[in-house]
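> Here's the letter readout for the chains.
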Amino acid sequence: MPDIALQRPGLSRERRDALLGLLLIAPTVLVLGAVIVYPLLSAIALSFQSVYTPTLEGHWVGLANYRELLGSGGFWAALLTTAIWTAGTLTLQVLIGVAMALLLHQNIIFRSLARSLVLFPYFLSTVVAVLVWRWLFNDLYGIVNHALMTAGVIDAPVNWLGAMPNAMLSIMVVGAWKFFPFVVIAVLARLQTIPEALYEAARIDGAGPISRFFDVTLPQLRDVLTIVILLRTVWDFKEFDLIYLMTGGGPVNGTRTLPLIVYQQAFGLNQMGMAAAYAVSMMLVMLVFMLAYLQRARKAAA
Amino acid sequence: MKKRSNVLASFVTWPIVLLIAFPLLWMLITSVKPAAELFSTSPTLLPKAITFEHYARVLQDTPFLQYFANSMILATSTTVVVISISVLGAYSLVRFAYPGRETLASLVLFTYLLPSVVLISPLYLMLVSIGLANTLASLVIAYTTFALPYALWLLRSFMAGIPQDLESAAMVDGASRIGAFVDVVLPQALPGIISTALFTFILAWNEYLYALVLVNSDEARPLTTGVMTMLISAFNIEWSLLMAASVLMSVPLIIIFAFFQRHLTSGFGAGGVKG
Amino acid sequence: MVQVVFEKVSKAYGDTVAIPGLDLVIESGEFVSLLGPSGCGKSTTLRMLAGLEQPSSGSIRIGDRDVVNLAPAARDVAMVFQSYALYPHMTVAENICYPLKKRGVAKADRAIKLAEVAALLQLEPLLARKPGQLSGGQQQRVALGRALVREPSVFLLDEPLSNLDASLRAHMRAELIELHRRLGKTMVYVTHDQLEAMTMSSRIAVMRAGELQQFAPPDEIYNRPANVFVAGFIGTPAMALADGSLADGGGHLVAHVGPLAVALPYAAGTRPDAVTVGIRPEDVLVGEGPWQAQVRLVEPTGYETIVALDAGGLALTARVPGSNALRVGETVAFDLRRERIHLFDKSDGRRWEPAGR
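Protein chains in written order, with my numbering: chain A, 1 to 302; chain B, 1 to 275; chain C, 1 to 357.
Incorrect hints may appear among the rest.
Just so you have them, the derived chain A footprint on chain B, three or more residues with Cβ under 8 Å [unchecked claim]:
1. 26-38
2. 104-115
3. 202-211
Restraint-style ranges between C-beta atoms, simulated for each label pair [what the hints assert, rightly or not]:
4. Phe110/B <-> Thr199/C: 53 to 61 Å
5. Leu46/B <-> Phe289/A: 23 to 31 Å
6. Gln164/B <-> Ala166/C: 25 to 33 Å
7. Asp155/A <-> Leu59/B: 38 to 46 Å
8. Gln292/C <-> Ser211/A: 57 to 65 Å
9. Gln54/C <-> Pro209/A: 22 to 30 Å
Don't read these hints as lab results, they were simulated from the structure. Think of the CB as a built atom: it goes at the ideal place given N, C-alpha and C, for glycine as much as any other residue.
In isolation and in its complexed conformation, chain A is listed as follows (with noise of 0.2 Å):
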């Protein structure tokens, strides 16, 4: 069957080619919309009346919600532990994904064994993740505990989830444990495309493996890190499925971020307009970041 476009008298020919771009991109517009943006304003909408969850009923408040919020202090606490949590766990990340890359990027043996080691964490199921940490952290069997005694770097148990700080450092290192690969393969490839001749330069010119890493490696990872910084620093603050299921937000909210607070108001304390009111407020602040953050990579990079 000939395959040839017809001449239309009428419609120009890039009138013809935008209305088919608009077309394949319809279904996607309609289900974004229907699914982020329709939710997106029904939450903004939200945040203004109060809910009570089983029922679905709700009345008109304004602004009530975010003047409790603001006020009451546990929006306060929450964005300070989620900045806490996100600071500790990205620096983690960041500093063990490179140098797991760096070090990857070796010619090692196995190196493809090992490397699919190194990533699998991050394509596991949080829960499955968080099962495991569980485990290793139990207070009684769990041979972290039991490791640590042995080696006498501890004289009794500790308690790893229940207790802060030691809950705030576990969920950390839980955190880095899974997401730190993303850093390892983006930065890895970004190794691999570093020319070999950057580096002989250097070390003709006297650089020790020191300084090669300070003067070539890493002006040359600075666009990739910065990308990969804003994401993981956006990702890790508005997680929750890691922490939530490790701690759960205690001890005594020691560990309650703003995602867990936005899920605890509405389906804990029923109250879904304040959890709206959260949730929105968390993205407000998210925004602020990212824009800041633009715009000094932007400034940096000129």
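Starting from the known structure of chain A, fit chains B and C onto it as the hints suggest.
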């Protein structure tokens, strides 16, 4: 330094690799240890005896298989829906010119970074009002909220890498716009489509929050919330069961990872994954 | 055998005007090169002819049809791309048959056509291979084959040889010339390489910044360039161009350029106030003559020596046959072939011919 193995680096790297992989190895070991061996205050590294009773119990005495089937249906459906929509959408974003295209691309990027928690309440309300609460369908709908932007972003990068000359040649040779898409772009984009499909499947398989909020009956429950329910409902936390369940839950991921690792990691150059 | 006509064709991208207005008539069976530096609009023009880009205004006719609203598939043109654009997932045979498939040609007929083209271009041993397994030259021939198999009215070639190495390029140039001679079809060829344009074309369209500078057979382009740009663009080493003026030297025309006063064999009549004078290297005669110049650079090429001269501030290049003992810094005498000196009106850069030339 590239030709022969770097022994020094190997000696430094492998211990770290084993340390990173240890939790997973421990999960495996724990799942085959008899219960008695498990609950001692001085746990052993290697099991004295190996048993598969925990696996048998998980498969026979719990709704695990139901959850597994649900996850399979859920992840597969999500992948099919998302890939169909995003292949067309990505092509549109990459090869067509129409007003609003750049805005759409930026919006896609924005939704990529959106926190799920913002959407859980309104989505819950929406799905309840259309009568889909507590169904797998509701989860498929919810999962597209994060899977679709991400798939679009990945596919867009992959398709942008296909030389435009190929489509031009096809059109001069006699193909229509759509013909060129089917004959040339799709075959060339196939590795990218496979990558994206695998990622979408994994994302859907691993998703927890939406499953937690939208489904609370065993018929529709996927593995993620299902396995955690098995934890909460028991008075005694059955670690051996949980470890066995964890291993089983990860089987599809291990298979995908073993065979398709190259596909999965190629996507990272193209823009990154949902964290 | 069809004529191709561009009538007042313009192309703008938003506010940038790439091509202000092009009028070009390509006769049936001609081999026309679109020649010019990067960004001159030659590829855009070709793509508009193919239907891959839309002109902002104007009409394009192939034969007697206005094709502006026709899709590429409906225009009966075939195109060879600079990157060859072979379908990587199809074999050579499938690549070549693709246009036939799209036109609904029956399987048996496709096989016949494929065999013809494969024989013509010596592609038989390659038919089962994929493009990734072919060398550059082989890929190029497959691209040609894919274009030939449809027997279109017009062939479009977008710098098809620029990705080949020098020796292969020379070989393919000869093959393309032979192909054109054999088929007699209208061919439109885009290139930035003057040698290709000069050796292959029946006429060359020199373009610059979207505007047609001159459209003429190669020998006219070379010997009677229509303006300063064409004069400087065509010819290697480039023509020497310098500002000057014309005066009446007792009834004869005298050109003053640099420190030289050059008597020209034409009557002095109405003339432009200021001119640009152009002298090709082969028209500078080193050894004997009324003027002196210092040797600045000597480049022996084996066959001849290219010498850069400084005649009191005026920079000239000369071609001296054979190898010789010229040294940098030496002073030599030289003369100019007066009747081969080019004159361009300084006000608009256009070629100026004195009466009687």
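> Given a hinted range of 25 to 33 Å, is it respected by the beta-carbon distance of Gln164/B and Ala166/C?
For Gln164/B and Ala166/C the Cβ distance comes to about 28 Å; the hint holds.
> Can you let me know if the beta-carbon spacing of Gln292/C and Ser211/A is within 57 to 65 Å?
About 59 Å separates the Cβ atoms of Gln292/C and Ser211/A, which means 57 to 65 Å holds.
> Taking a Cβ-Cβ distance under 8 Å as contact, does the region 104-115 of chain B have three or more residues in contact with chain A?
Since three or more residues must qualify, the claim that chain A covers the region 104-115 of chain B holds, with 7 doing so at under 8 Å.
> Count residues of the region 26-38 of chain B with a Cβ under 8 Å from any Cβ of chain A, then say if the count reaches three.
The restraint on the region 26-38 of chain B holds, since 4 of its residues have a Cβ under 8 Å from chain A and three suffice.
> Given that the region 202-211 of chain B was listed as covered by chain A, double-check it with a C-beta distance under 8 Å for 3 or more residues.
holds (count 5)
> Does the beta carbon distance between Phe110/B and Thr199/C stay inside 53 to 61 Å, or does it fall outside?
Given range 53 to 61 Å: holds, Cβ gap about 56 Å.
> Taking 38 to 46 Å as the stated bounds, is the beta-carbon spacing between Asp155/A and Leu59/B within them?
holds, 42 Å
> Given a hint of 22 to 30 Å, does the C-beta separation of Gln54/C and Pro209/A actually sit inside it?
violated, 57 Å
> Per the hint of 23 to 31 Å, is the separation of the Cβ atoms of Leu46/B and Phe289/A within bounds?
47 Å Cβ-Cβ, so the 23 to 31 Å window is violated.
Of the numbered hints given earlier, the model fails hints 5 and 9; all others are met.
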